[in-house]
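Quick mapping for you: the protein sequence lines, in order, are chains A and B.
Counting from 1, one number per residue, gives the positions in the first sequence under my numbering.
Counting from 171, one number per residue, gives the positions in the second sequence under my numbering.
Please note that a few of the clues may not be correct.
[Stated by the list, open to error] Under the rule of at most 27 Å between Cα atoms (straight-line distance), these lysine-lysine pairs were calculated in the BS3-like manner:
id: 1; chain 1: A; residue 1: Lys17; chain 2: B; residue 2: Lys225
id: 2; chain 1: B; residue 1: Lys264; chain 2: B; residue 2: Lys177
id: 3; chain 1: A; residue 1: Lys38; chain 2: B; residue 2: Lys239
id: 4; chain 1: B; residue 1: Lys177; chain 2: A; residue 2: Lys38
id: 5; chain 1: B; residue 1: Lys244; chain 2: B; residue 2: Lys225
id: 6; chain 1: B; residue 1: Lys211; chain 2: A; residue 2: Lys38
id: 7; chain 1: A; residue 1: Lys38; chain 2: B; residue 2: Lys238
id: 8; chain 1: A; residue 1: Lys38; chain 2: B; residue 2: Lys225
id: 9; chain 1: B; residue 1: Lys177; chain 2: B; residue 2: Lys238
In case anyone wonders, no lab produced these hints; they're calculated from the structure.
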Amino acid sequence: MEHKKYEPLRLPANRDKLIARAVSADEESVCGGGLAAKLGMLDERPAVEVRREASQQAFRLQTLARFVQLSRREHGLTSEQFATKYDVDVRELLDIEEARGIPELRVLYQVSQALGVSYDKLLVLAGHRHSRDERLDREALRFAASSGPMDSLSKTETQALHDFIKVLHD
Amino acid sequence: MSTHSTKLKRGATGDLVDAELDDALDLDDLFDAAKQWAPEKIEMTRELVNRNVPKSMWPQSLHWNWAKKAVELKPRAPGPLSAHRLFGISAEGKWQGLLLARCVGSQTRIAPGGRDLVYIELIETAPWNFPVPQTGRDALFKGVGGQLIELAIRWSDELSLQGRVGLHSLPQSEPFYRGHCGMRDFGPDPSYQNLCYFELDEVHARRYLEET
């Protein structure tokens, strides 16, 4: 087997379909780390814990995003109008609504004031504060499951939004 | 070095651009790639910190630097008498992704019998090919990972290992191996810091290559 190893690989002349399939793959990431694990290059925490934390963080940010977006729409405001009315940077508002990263404390405070909800609860949702608030988690899940990205708020979305606002008031 | 022409897709425009697959690289190429990628990794880290992206959502290979592991890599140096082979894909004068595989020492976990397979020790794409939705960054080029995996399958096939390949995936990459590659997920492997082990069997390998 040894002598064969460095013969050039035989690739077919026409790989068009394979290339088309490769470039259309959803390559969020393709990194493999067997060697990295052996050489101690991985995150020190167990992979399962990293997976769980990333998923929980992503879920909370998505919930915050949906909450802010639905609240703004319930007010009948575009992002720009909302940003102007409540003196929030429009780019930072869009970042929250698209769940791009953890919002700055200042922006969360402005949003909590604009929407009249608890700043502390928004800190937890955004990941600034770690809290084992089971009720918040449960209600966030219920809220996320009851709302969707529609142009106008449905009856169910309106109800889900109001229920969640109550939780964020507490 | 043995090269083959191919294409990658530019993420921003969807255009196909010329690229090259290399199937016999050496450790210097790996270090060259690490040197090309390091400034971009630093820039990406700065962007992630400035945008307050939680660390749990950062690309999980962002801190890898193979040059720092040169001593440990030396015994794995690819070459005519080595069990290791390094594959790469380049475009616009830069390495877009690399894959280091070995052809001895790993057996299939799918069926008993101890049949050998090609084990992928590392696969990494250039940092500019990591999409990071939290910062609005799309991959510069797409199609890197799928074509590197193709080379590993072809090597396995040419060694009469019927295209069998195995690897341990970073958590973020698991959907790619499960979905695009059709690999079987064996779950967390305690001997590899609980990374999930994935394996491609002969049938799925054949299917992968039949896309040509």
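Status of the hints after comparison with the structure:
no.	hint	verdict
1	A:Lys17 to B:Lys225	37 Å, violated
2	B:Lys264 to B:Lys177	14 Å, holds
3	A:Lys38 to B:Lys239	11 Å, holds
4	B:Lys177 to A:Lys38	33 Å, violated
5	B:Lys244 to B:Lys225	31 Å, violated
6	B:Lys211 to A:Lys38	22 Å, holds
7	A:Lys38 to B:Lys238	14 Å, holds
8	A:Lys38 to B:Lys225	22 Å, holds
9	B:Lys177 to B:Lys238	31 Å, violated
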